[in-house]
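Chemist: Chains as they are written, first to last, in this note's numbering: chain A, 1 to 254; chain B, 1 to 327.
Derived by calculation from the structure, the hints in this document are not laboratory data.
Source: prediction; values computed, not measured.
Hints are supplied without guarantee of correctness; some may be wrong.
Unchecked claim - A few chain B residues that don't get close to chain A, going by computed Cβ distances all over 12 Å:
#: 1; residue: Thr17
#: 2; residue: Gly34
#: 3; residue: Ala154
#: 4; residue: Glu198
#: 5; residue: Glu222
Said to hold, decoys possible - Calculated lysine-lysine pairs in the DSBU-like style (CA-CA distance at most 30 Å, straight line):
#: 6; chain 1: A; residue 1: Lys227; chain 2: B; residue 2: Lys294
#: 7; chain 1: A; residue 1: Lys155; chain 2: B; residue 2: Lys294
#: 8; chain 1: A; residue 1: Lys237; chain 2: B; residue 2: Lys197
#: 9; chain 1: A; residue 1: Lys219; chain 2: B; residue 2: Lys294
#: 10; chain 1: B; residue 1: Lys81; chain 2: A; residue 2: Lys248
#: 11; chain 1: A; residue 1: Lys216; chain 2: B; residue 2: Lys232
#: 12; chain 1: A; residue 1: Lys155; chain 2: B; residue 2: Lys325
#: 13; chain 1: A; residue 1: Lys106; chain 2: A; residue 2: Lys219
#: 14; chain 1: B; residue 1: Lys284; chain 2: B; residue 2: Lys197
#: 15; chain 1: B; residue 1: Lys13; chain 2: A; residue 2: Lys242
#: 16; chain 1: A; residue 1: Lys237; chain 2: B; residue 2: Lys284
#: 17; chain 1: A; residue 1: Lys237; chain 2: B; residue 2: Lys88
#: 18; chain 1: A; residue 1: Lys246; chain 2: B; residue 2: Lys128
#: 19; chain 1: A; residue 1: Lys13; chain 2: B; residue 2: Lys294
#: 20; chain 1: A; residue 1: Lys227; chain 2: B; residue 2: Lys197
#: 21; chain 1: A; residue 1: Lys106; chain 2: A; residue 2: Lys50
#: 22; chain 1: A; residue 1: Lys70; chain 2: A; residue 2: Lys242
#: 23; chain 1: B; residue 1: Lys197; chain 2: A; residue 2: Lys50
#: 24; chain 1: B; residue 1: Lys13; chain 2: A; residue 2: Lys66
#: 25; chain 1: B; residue 1: Lys294; chain 2: A; residue 2: Lys228
#: 26; chain 1: B; residue 1: Lys128; chain 2: A; residue 2: Lys219
#: 27; chain 1: B; residue 1: Lys88; chain 2: A; residue 2: Lys227
#: 28; chain 1: A; residue 1: Lys153; chain 2: B; residue 2: Lys81
#: 29; chain 1: B; residue 1: Lys219; chain 2: B; residue 2: Lys266
#: 30; chain 1: B; residue 1: Lys13; chain 2: A; residue 2: Lys155
Said to hold, decoys possible - If you only want the chain B side, here are some residues facing chain A, beta carbon under 7 Å, derived:
#: 31; residue: Phe146
#: 32; residue: Leu165
#: 33; residue: Gln182
#: 34; residue: Ala185
#: 35; residue: Asn186
#: 36; residue: Leu193
#: 37; residue: Ile234
#: 38; residue: Thr288
#: 39; residue: Leu319
Where a beta carbon is used, it is the ideal one built from N, C-alpha and C, also for glycine.
What follows is each chain in one-letter form.
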Amino acid sequence: MNIIVCVKQVPAKDAPLSIAGNWIRESDIGFEMNEPDSYALEEALRLKEKHGGEVIALSLGPERVKQTIKEALAKGADRGIHIADGNFAELDPLGAAKVLAAAIGKEKCDMVLTGLQSDDHGFGQTGVLLAALLNLPHATIIMQIEVQDGKMKLKRELEAGWFQFVECPLPAVLSIQSGINRVRYATLKGIMAAKKKEIATMTRESLGVSIEPTQKIEKIYVPQKTKKTEFLTGTPKEVAAKLVEKLKFEARVI
Amino acid sequence: MKILVVTERRQGKWNNTSFETLVAAQQVAGAKGGTVSAVLLGNGVNALADELATKNVAEVLLVQHGLLESYTPDGYCVALKQVIENAKPDLVLFPHTYQVRDFAPKLAAMLGKGMIGDCVGFRDEGGKLVFVRQMFQGKTAADVTFAGAGPWFASFQSGAFRADLLAAHPGGKAPVNAINVQLNANDIRTTPLELFKEAKSSVDLTQAPLIVAIGRGIKAPENIAQAESLAKAIGAEIAASRPICDEGWLPMERQIGSSGQTVAPKLYLALGISGAIQHVVGMKGARTIVAVNKDQNAPIFEIADYGVVGDIFEIMPALTEELQKGK
């Protein structure tokens, strides 16, 4: 079972974001593996442990995303592919998927896994678009994968507490739902082993992908408040007293 | 501008976000001029088509086929591609549901087009249609425009428009036009099997008048007891955002948000919850929202009635004590 996992690097969860045009100022913040993608990586590693094969971590972005590829290698991925692109933030979902699909097309794989969405752009389209571009079947919001006789039985999460089993042939593209598994930490041994693992570097140009944008982010801004929030200040004790007062006599909900 | 709205139903019933998207489409048509048509896919869904025709739409495009009885991404894409090539709309709108996420980007890509997903609104800016969506987990908004020729594809987030604003058809009923599509069994590569719910929940959060909810700010499972004491002091149920349940710190049945429960209690006290879209859609209907978060820019404060910028580990015990005082 050869599996390619698409991992994106995104700003760290508590990073203070400062807006710069249609992206953010990258210089003063930390980055980390997109959390939904870490579940996809974990699922790939578990499938490999069960069925054998190879896990390839694929990431698109500037030089910094190599750190995320290295993290995947330290957790157990066998090799990495870095599509170096300093202008990745300008790519629309279809453009990014075309670049990723070109790199995936060079490999022989049984499964392509992605997280459900990224915590930065949040387009949530990459997996489905890869399936379209690679002409593979797909399923999204996956909570369980069982591989048997060259096909899969998948548990898909629907809305409002519903689930559905779906049968899907291989090869295929799956978007993994967060919470499908418990994500492992890299071990010291894994981190050492990762140093010897290969990371291939490609570019949009070397892959021969030309992109016609379908949409453009004009600007990013702090959203306008839709509700007037009354902020309560003081010591914790004072705040607690004020809040209880408000809830009892103003909102009258307790 | 010719607008198509792809409607959605769940097990024979309308998904209400379909009507919200029709309202969005009518507002776009109002701003830009044009017509709104509604598309319904399925098999044996004439009654639903007739119901849809009573709404203020130019026409209902009814696409029926045995292979559209159950939803599959392949079946929907192959069928809708033909509908779009035939109807030649300028704009195709969807409710941003799990089902739409599963097929709409592929449908757009099959036509060589892009999709702006999960929009919360739109503006007509000097003739240019600008779509507004959230980025960075709701910390920022983004204005997005389409580049190139249509058809353009966009989806609207649940709750972004009010379904009750959907007008009735002025003439009583719009025409229902059946559209034939070519669909073969081997177009469809996945096989949908049974639908099910997990073991019955022991708690029904939708009925709870008071909810104390925790997010990532709780940091560790051993800290949950503090939130539980607070919940007990006002007789509230405890709930959480998705990451807490993903970690297994609270059972999934206590999860609020798009993949969990949707609640509208009298009081929703959000502790250390940043307010990502996926959570907010599950609780924004609460009558009174209180948010406690150390980050004053957390998006949860956008919808909070009362806000406290501070450390939940200081506020929780103080609040518990204050509430117990009154008893």
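Chemist: All hints, please: hold or fail.
Modeler: To see whether the hints hold, each was checked on the structure:
1. Thr17: At roughly 10 Å from the nearest Cβ of chain A, B/Thr17 sits no farther out than 12 Å, so the non-interface label is violated.
2. Gly34: 20 Å, holds
3. Ala154: 9 Å, violated
4. Glu198: 7 Å, violated
5. Glu222: 18 Å, holds
6. A/Lys227 / B/Lys294: 19 Å, holds
7. A/Lys155 / B/Lys294: 37 Å, violated
8. A/Lys237 / B/Lys197: At roughly 44 Å apart (the allowed maximum being 30 Å), B/Lys197 and A/Lys237 break the hint.
9. A/Lys219 / B/Lys294: Holds: A/Lys219 and B/Lys294 sit about 27 Å apart, inside 30 Å.
10. B/Lys81 / A/Lys248: Violated - the C-alpha atoms of A/Lys248 and B/Lys81 are around 56 Å apart, more than 30 Å.
11. A/Lys216 / B/Lys232: 49 Å, violated
12. A/Lys155 / B/Lys325: At roughly 48 Å apart (the allowed maximum being 30 Å), B/Lys325 and A/Lys155 break the hint.
13. A/Lys106 / A/Lys219: 35 Å, violated
14. B/Lys284 / B/Lys197: 24 Å, holds
15. B/Lys13 / A/Lys242: Violated, because 45 Å separates the two Cα atoms, which is more than 30 Å.
16. A/Lys237 / B/Lys284: 27 Å, holds
17. A/Lys237 / B/Lys88: 63 Å, violated
18. A/Lys246 / B/Lys128: 45 Å, violated
19. A/Lys13 / B/Lys294: 13 Å, holds
20. A/Lys227 / B/Lys197: 35 Å, violated
21. A/Lys106 / A/Lys50: 25 Å, holds
22. A/Lys70 / A/Lys242: Measuring from Cα to Cα gives roughly 49 Å; hence the hint is violated.
23. B/Lys197 / A/Lys50: 28 Å, holds
24. B/Lys13 / A/Lys66: 48 Å, violated
25. B/Lys294 / A/Lys228: 19 Å, holds
26. B/Lys128 / A/Lys219: With Cα atoms ~14 Å apart, B/Lys128 and A/Lys219 stay inside 30 Å; holds.
27. B/Lys88 / A/Lys227: Given pair B/Lys88, A/Lys227 is violated - Cα atoms ~40 Å apart, limit 30 Å.
28. A/Lys153 / B/Lys81: Since the Cα atoms of A/Lys153 and B/Lys81 sit roughly 28 Å apart, the hinted pair holds (cutoff 30 Å).
29. B/Lys219 / B/Lys266: Cα-Cα ~27 Å, so holds.
30. B/Lys13 / A/Lys155: 23 Å, holds
31. Phe146: B/Phe146 check passes; min Cβ-Cβ to chain A is 5 Å, inside 7 Å.
32. Leu165: Not OK, violated: B/Leu165 not within 7 Å of chain A, min 17 Å.
33. Gln182: It is violated, given that the least Cβ distance between B/Gln182 and chain A is near 19 Å, above 7 Å.
34. Ala185: 14 Å, violated
35. Asn186: With Cβ-Cβ at 11 Å, over 7 Å, it is violated.
36. Leu193: 4 Å, holds
37. Ile234: With a minimum Cβ separation of about 5 Å from chain A (threshold 7 Å), the hint on B/Ile234 holds.
38. Thr288: With a closest approach of 4 Å, the B/Thr288 hint holds.
39. Leu319: Holds, about 4 Å.
Of the numbered hints given earlier, the model fails hints 1, 3, 4, 7, 8, 10, 11, 12, 13, 15, 17, 18, 20, 22, 24, 27, 32, 33, 34 and 35; all others are met.
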